[in-house]
Amino acid sequence: MTTDELIWRIAGGSGDGIDSTSQNFAKALMRSGLDVFTHRHYPSRIRGGHTYVEIRAAGHDVQSRGDGYNFLLALGDSFARNPQDEAYYGNEELKPLSENLDDLNEGGIIVYDEGLLDEDDVAELDLEARAEENGWHVYPVDLRDLAKEHGREVMRNTAGVGVTAGLIGMDLAHIEDLMEDAMSGDVLEANLQILQEAYEMVDEFDTSHDLTVPEGSHETEQALLSGSNAIAYGAIDAGCRFISGYPMTPWTDVFTILSQNFPDMGGVAEQVEDEIAAAALAVGASHAGAKAMSGSSGGGFALMSEPLGLAEMTETPIVLLEAMRAGPSTGMPTKPEQGDLEHVLYTSQGDSSRVVFAPGNVEEAYEQTRIAFEIAYDYQIPAIIVYDQKLSGENTNVDVEFFDREPAPDLGSTLTEDELKEAAHDASGKFERFGYDDNERGVSQRSIPGQQGGRYLATGNEHSPVGHISEDPDNRVFQMERRLEKLEHIRDDLDEGETNQTYVGPDDADYGLITWGSSQGAVFEAVSRLNDEGHSVKAIGVSDMMPLAEDELVEFIESVDEAMVVEMNATAQFRGLIQKELGRYGEKLTSLLKYNGNPFEPAEIVESYEIRLDGGAAEPSAQVRIEPAAGD
Amino acid sequence: MSAFNAIGDDREIDRDEYTPSVEPQPTWCPGCGDFSVLKALKQALPEVGRNPEEVLCVTGIGCSGKLNSYLDSYGFHTIHGRSLPVARAAKLANPGLEVIAAGGDGDGYGIGGNHFIHSARENHDMTYIVFNNEVFGLTKGQTSPTSPKGHKSKTQPSGSAKDPLRPLSMSLTAGSSYVARTAAVNPNQAKEILVEAMEHDGFAHVDFLTQCPTWNKDARQYVPYVDVQESDDYDFDITDRREAAEMMYETESALYEGEVLTGRYYVDEDRPSYQEEKRALGELPDEPVAERYFDDDAEWERSYDLLERHT
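Protein chains in written order, with this note's numbering: chain A, 7 to 638; chain B, 18 to 328.
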């Protein structure tokens, strides 16, 4: 564990204000010149239930959560039910302290609210002995009392932040600025006073730790954003002005952001009766000329299968989001997993023609959402962004200038009325929307209802050039091949442009790690550490899932002795996809899988690599599973 | 300048414009009630002054789903039960379109029932025609949501134990601001009702009794029929929700006793359409979303201008 990093965990109950407090603290650390990365752990409950946010801050680049953490602010759960009883859920009030001890690194700091937490309960944790064993520095503070003295009990958070800042020698200026932006009047005054007093209170402590806030600086202005922010902003800049949806964690974040912004942007947001309707509305809006998006998480996305197939058959451009969470069925609604890859690739009847991207971080989420819209409207095909609860909710700092980009509202291969006059029509005057001619790259021309000279029938049945239902074998073969041909051209376009895949490590490394989506941050950190330790390892983070980045994968796999595919699911879905699409490498690819509801930590990957190199002599931690290559 | 010049194009419309001059010809069985819907629609559209390229006819699946195969306008033949959400969104993206959704009783009252309830509740400005033949026709005669209790079919060999759904009552309760029932055998009334439905600003639901001569011979031709407005036996105020509800209940029950009651059942001219409500909240732009993409001078907002909240 490096000590040039602060990994601060604020733990309380749902409803205790953990989110907003941590958001401001992360922003203050960012403003002080540090790179930050947040990780959020929460239950599927409105009030109560142990929740924490972890903020990792350092003077160097941070791409993932760290290994363990080194500062615990345990507020206690003020919404705990029956805290005195031995209930099924255990002593909830105490959990923000008790549940977080296992991950706390040696030499770490613990601050807990002795105002809320019962002295006897804490005594039962054997905290003193464990602290001695692990070199922890424990500071019980009556945060509640301090909060109540100047304001209200909910301001315990502010007191906790003040104590934190005091203990690690962090200047209060940025925190105060942020409070002034967010509050006013008496509330602001009370919070500022609590913050200051808590900060000064530390002077009286008999401190023994040596952890201090890291130092750093940014050359350019930074913004703190989540993957959901980035996807929503990518959509805005791509000219998306229609979104339809039904609430479901974690997809709701993007839906909320766009619903709040669209009214000021001439856009339309619709919350509808179910996800079948949500996706069908996106299809209808796009058919009528809007750039449209819908989305959901696993179970809701399942309901979108039919409209997704309709969009494929009618060649209606749409962008769908799939924010994965742990399945099957309702699974673990607030926990991340990468278990819906096959679902997204293949759901809906018939041969699918769709594009799927799996961005690996906040910048990629923005970039690939833009690309998804561009391809969808250029090629008249559904494009899907598959991401997860982790990317959705984790915040990290991005250069503000990254977003200084031109909007791209173009409708792609859609004709104007003037262009329609020159286009092919049948004897009735119907426009040949799905024509035998005029289809470069498999893409036919498109009109929009209301345009003169553009009328045609869109249908989910197989259809003739003007859209009439047709079961003619020759027409069928032509239309099917034309629809599928688009994917080859999309692959060519993607290969010609800047790659969506991300690489780390030396080109000539002997061992490869392959990952996709949001697991890349932890994998990349592991690669960096392994190389520092003298190992020869590199990694690729794949985003182009369909059409798959085949050439890049072949080149990567061919260049190493063995590759381990790292993903958050139990059935090695991405490894399966690679082997299916490339038709080989059964004996060259092994898997590292995690599906306990928590994302990978870099150390787990480092350890698994070492076990793999030793020929499986040791067992990995119970939280991950190594699945050997075929024949091993 | 609009990118959609068919919309609002003020010219004389001939009903023949709605008939494709080449194939396909309808594939409905001889004597099918669906012909009457097509005919009534072709008559009604010119009367409301709409030309084929400002009309979007969205259908579901089944015999009724083929309506837009034979109506020469813009069309979207969607999937089973999903015509309404597709149609609603098209109207939101381009409110200048005349949007008509259509489907059968299985499509609208069964598999798409949730969309029906919510479209009515929200009062989208569109017309929804349900071809009600009390049976699943295209799949060969299975019991449908409006089949009478005791209806025997291959999937209900002992006769259906279920009471039929009450489409008019459900429509009223859900929030439709125009509710009517007409029948294929009554072409003049059908045309007039479709004209009223299209001119109505809000969700207009027309339950259209369409006999299925192949699979529902019991229903014969829905004759004799009674127009509740013209008959002296019935007197109720179609703007009064309670009176309308009673008349609907009686009409729905009567159908299964062999009496075919038709006409207008409920009209609420005061309730604003969803489009009006949404516009009043600032959530539906004055300029149609679809227009903007064709406007080369449009200034598009950028996420870059939203970043202050993140710094």
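Note that these hints are calculated values from the structure, not bench results.
Mixed in with the good hints there might be a few duds.
Said to hold, decoys possible - Beta-carbon label-pair distances, calculated as ranges:
{"no.": "1", "chain 1": "B", "residue 1": "Leu298", "chain 2": "A", "residue 2": "Ser26", "range": "19 to 29 angstroms"}
{"no.": "2", "chain 1": "A", "residue 1": "Asp357", "chain 2": "B", "residue 2": "Gln42", "range": "29 to 39 angstroms"}
{"no.": "3", "chain 1": "B", "residue 1": "Tyr273", "chain 2": "A", "residue 2": "Gln266", "range": "18 to 28 angstroms"}
{"no.": "4", "chain 1": "A", "residue 1": "Gln266", "chain 2": "B", "residue 2": "Arg138", "range": "21 to 31 angstroms"}
{"no.": "5", "chain 1": "A", "residue 1": "Asp480", "chain 2": "B", "residue 2": "Gln42", "range": "18 to 28 angstroms"}
{"no.": "6", "chain 1": "A", "residue 1": "Glu348", "chain 2": "B", "residue 2": "Arg138", "range": "47 to 57 angstroms"}
{"no.": "7", "chain 1": "B", "residue 1": "Arg288", "chain 2": "A", "residue 2": "Ala179", "range": "19 to 29 angstroms"}
{"no.": "8", "chain 1": "B", "residue 1": "Glu316", "chain 2": "A", "residue 2": "Ser50", "range": "34 to 44 angstroms"}
{"no.": "9", "chain 1": "A", "residue 1": "Tyr509", "chain 2": "B", "residue 2": "Gly25", "range": "47 to 57 angstroms"}
{"no.": "10", "chain 1": "A", "residue 1": "Gly191", "chain 2": "B", "residue 2": "Arg138", "range": "36 to 46 angstroms"}
To be verified - Chain A is faced by these chain B residues, among others (derived, beta-carbon under 10 angstroms):
{"no.": "11", "residue": "His94"}
{"no.": "12", "residue": "Ser100"}
{"no.": "13", "residue": "Ser186"}
{"no.": "14", "residue": "Met187"}
{"no.": "15", "residue": "Thr190"}
{"no.": "16", "residue": "Gly192"}
Because the structure is a prediction, the values reported are computed rather than measured.
From the three backbone atoms N, C-alpha and C, an ideal C-beta is built for every residue, glycine too.
Status of each hint after checking the structure:
{"no.": "1", "hint": "Leu298(B) with Ser26(A): 19 to 29 angstroms", "verdict": "holds (27 angstroms)"}
{"no.": "2", "hint": "Asp357(A) with Gln42(B): 29 to 39 angstroms", "verdict": "holds (31 angstroms)"}
{"no.": "3", "hint": "Tyr273(B) with Gln266(A): 18 to 28 angstroms", "verdict": "violated (50 angstroms)"}
{"no.": "4", "hint": "Gln266(A) with Arg138(B): 21 to 31 angstroms", "verdict": "holds (24 angstroms)"}
{"no.": "5", "hint": "Asp480(A) with Gln42(B): 18 to 28 angstroms", "verdict": "holds (22 angstroms)"}
{"no.": "6", "hint": "Glu348(A) with Arg138(B): 47 to 57 angstroms", "verdict": "violated (37 angstroms)"}
{"no.": "7", "hint": "Arg288(B) with Ala179(A): 19 to 29 angstroms", "verdict": "violated (56 angstroms)"}
{"no.": "8", "hint": "Glu316(B) with Ser50(A): 34 to 44 angstroms", "verdict": "holds (42 angstroms)"}
{"no.": "9", "hint": "Tyr509(A) with Gly25(B): 47 to 57 angstroms", "verdict": "holds (55 angstroms)"}
{"no.": "10", "hint": "Gly191(A) with Arg138(B): 36 to 46 angstroms", "verdict": "holds (41 angstroms)"}
{"no.": "11", "hint": "His94", "verdict": "holds (4 angstroms)"}
{"no.": "12", "hint": "Ser100", "verdict": "holds (9 angstroms)"}
{"no.": "13", "hint": "Ser186", "verdict": "violated (20 angstroms)"}
{"no.": "14", "hint": "Met187", "verdict": "violated (15 angstroms)"}
{"no.": "15", "hint": "Thr190", "verdict": "violated (16 angstroms)"}
{"no.": "16", "hint": "Gly192", "verdict": "violated (13 angstroms)"}
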